[in-house]
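A.B. asks: So you can see what is in the structure, the chains are spelled out below.
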Amino acid sequence: MADRQRDVQKPDLGRRDFLKTVTTGAAGAVAGAAPLSAQTQPSRDHQVLPSDPALRTKALESLLVEKGYVDTATLDALIDTYEHKIGPHNGAKVVAKAWRDPAFKKRLLEDAPKAIAELGLTSGMGDHTVVVENTPKLHNLIVCTLCSCYPFSLIGLPPVWYKSAAYRSRAVIDPRGVLREFGTTIGDDVEVRVWDSTAEIRYLVLPERPAGTEGLSEEELASLVTRDSMVGVTKAGDSARAGRA
Amino acid sequence: MNGIHDMGGRHGMGPIPYEKNEPVFHEPWEGRVYALNRAMRAHGKWTLDVDRHALELLPPEGYLRLSYYERWLRRLEIQMSQYGIATPEELEAGKAAPGASKVAPALTMAGAARFGVRSIPSPIDPAVRPLFKVGQAVRAKNLHPTGHTRLPLYAARSAA
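Read top to bottom, the protein sequences are chains A and B. Per the numbering used here, the first sequence runs over residues 1 to 245. Per the numbering used here, the second sequence runs over residues 1001 to 1160.
You can take every hint at face value.
Calculated pairs, DSSO-like style, for lysine-lysine (alpha carbon to alpha carbon, straight line, at most 27 angstroms):
(1) B:Lys1095 / A:Lys58
(2) B:Lys1102 / A:Lys58
(3) A:Lys114 / A:Lys85
(4) A:Lys114 / A:Lys97
(5) A:Lys67 / B:Lys1045
(6) A:Lys163 / A:Lys93
One side only, chain B facing chain A, incomplete, derived with CB under 10 angstroms:
(7) Pro1015
(8) Val1033
(9) Met1040
(10) His1043
(11) Leu1048
(12) Leu1073
(13) Met1080
(14) Glu1092
(15) Val1103
(16) Ala1155
Covered by chain A, according to a simulated footprint, are these stretches of chain B (three or more residues, beta-carbon under 8 angstroms):
(17) 1002-1011
(18) 1020-1031
(19) 1063-1069
(20) 1148-1154
If you're looking for bench data, these hints aren't it; they were derived computationally from the structure. Heads up, the beta-carbon is just placed ideally off N, CA and C, and yes, glycines get one too.
All chains should be built: construct the whole structure from the sequences, respecting the hints.
C.D. replies: Here you go:
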């Protein structure tokens, strides 16, 4: 709260200092650590963020609309797309189809973008989406250690935990520990393979089909496929993870 | 570059912050920042790799302290003057300077969608013959140029 008040009382100081660095571009961003500190952010917790980013965003948007670079309706449509249209239900359709249709699964593992297009979906990232299959002897896990690359056209924008320092740092050196943290137990005899995404190649895990689902329809199967199971941190149909995405 | 963004293999980053039923955006401004970034990239002034490198150039302490979309906001603000799109004075005012030039026509959703998809991945040139076969043993060089690289630090000294 003290930090917040300081922001309110001296809003110009942080902002002007910050804007000075902007003029020097990226090089300024490297050399000038101080201006970032001047933009006081008391906490990384979303619940207590000061209004500063909201105000800066508003200024930036107004300016870019006025200059003709963006229009408000386009921004609204982009946001609506990612809030309501593109999400894990897209990837779940792909997985359910692969579980029921061995020929489709074969095509999916060989050329994911082409197979995904058969369902009227897009792999989004051009031609470089790769689907990796979990088996009783192999468990796949996806991370982006350098940033946040993710098959977002199939499973939506990445959640905060996927982009967190904790997940990115640990997934490649202690994947079994990470899986345990998600409540996922992997036998010692099961190989764990970690895929580090790049800007080009986005991986999607094809989770194992849960036992006892033989009679289910594609829609029923799709409802068992969670976002987390397609990243590989949980298994599909894991009811113990109720409430998890 | 092997900056703070290169997180694979680092210790001490704590437990993974899991939020049940997490919303796509936690605050309305996060959605606006996301959309602004996508729309501005669609103008083709820079590529996804340039965008990634711009995040990597943020000072480490800021990189760690800012939330994901605060980093995206910061990056876009920096790009405004870097690419001559807006001056710091205009950013501060949230208003174009008198007589400033305007872009026409404005970017449409269709244009954004088309360019958004096309501009994201750099092409993987099929005409270049790979040096290694799948499964072949390789050793990563301990090489860190100052630009954007896909070689993470944890792999830079290892053989696999």
